[in-house]
Amino acid sequence: MKVLLPFTATLLLATVALVGCGEAEKPAAQVKIANPASEYCISQGGSLAIEKTTEGEHGICTLPNGEAMEEWALFRRDHQEEKPQ
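In mature numbering (1 follows the signal peptide of the UniProt record, and there is no 0), the protein residues as written are -19 to -1, 1 to 66.
None of these hints come from the bench; they were simulated from the model.
For clarity, every value in this text was computed on a predicted model and none was experimentally measured.
Check each hint, because a few of them may be wrong.
[Claimed, not checked] Label-pair restraints from in silico Cβ distances:
hint : residue 1 : residue 2 : range
1    : Ile31     : Ala10     : 18 to 28 Å
2    : Gln61     : Pro8      : 39 to 49 Å
3    : Glu6      : Glu48     : 42 to 52 Å
4    : Lys7      : Leu44     : 37 to 47 Å
5    : Lys13     : Gly37     : 17 to 27 Å
6    : Glu38     : Val12     : 19 to 29 Å
7    : Ala9      : His39     : 28 to 38 Å
8    : Arg58     : Glu38     : 14 to 24 Å
9    : Pro8      : Asp59     : 36 to 46 Å
10   : Glu6      : Ala49     : 45 to 55 Å
11   : Glu6      : Asp59     : 14 to 24 Å
12   : Glu6      : Met50     : 31 to 41 Å
Backbone N, C-alpha and C fix where the C-beta goes; we use that ideal spot for every residue, glycine too.
Sequences and hints are given; from them, build the entire structure.
So, in structure tokens, the structure goes:
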């Protein structure tokens, strides 16, 4: 009995220590989706700048011809769908 108690205590302590050494779970990688309006601006050879106003932030696309407009306005202008009548 004198040998069994220290052996059991040592075994329990070793088990607890090993369980605590397990590999921690890594957080799942976040999927990032590109802004379609920003991607369209770049695909047209434009450059993007973020404009901060009292209303918030807006992406401004400057096209190679010098035309500058809000990136979503450019995207909507060039991607109009015909509406069913």
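Against the structure, the hints come out as follows:
1. As the Cβ distance of Ile31 to Ala10 is approximately 26 Å, the hint placing it in 18 to 28 Å holds.
2. As the Cβ distance of Gln61 to Pro8 is approximately 41 Å, the hint placing it in 39 to 49 Å holds.
3. At roughly 50 Å, the beta-carbon separation of Glu6 and Glu48 lies within the given 42 to 52 Å, and the hint holds.
4. Hint check: Lys7 to Leu44, Cβ distance near 42 Å, so the stated range 37 to 47 Å holds.
5. A hinted range of 17 to 27 Å for the beta carbons of Lys13 and Gly37 is consistent with their spacing of about 21 Å.
6. Look at Glu38 against Val12: about 23 Å separates their beta carbons, and that is inside 19 to 29 Å.
7. With their beta carbons about 31 Å apart, Ala9 and His39 fall inside the hinted range of 28 to 38 Å.
8. With their beta carbons about 20 Å apart, Arg58 and Glu38 fall inside the hinted range of 14 to 24 Å.
9. For the hinted restraint 36 to 46 Å between Pro8 and Asp59, the CB-CB distance of approximately 38 Å keeps it satisfied.
10. Between Glu6 and Ala49 the Cβ separation comes to about 47 Å, which falls inside the hinted range of 45 to 55 Å.
11. Judged by the Cβ atoms, the range 14 to 24 Å given for Glu6 and Asp59 is violated: they are separated by roughly 45 Å.
12. The hinted window of 31 to 41 Å between Glu6 and Met50 is violated, with their beta carbons roughly 46 Å apart.
The structure does not agree with the numbered hints 11, 12 stated previously, though it agrees with the rest.
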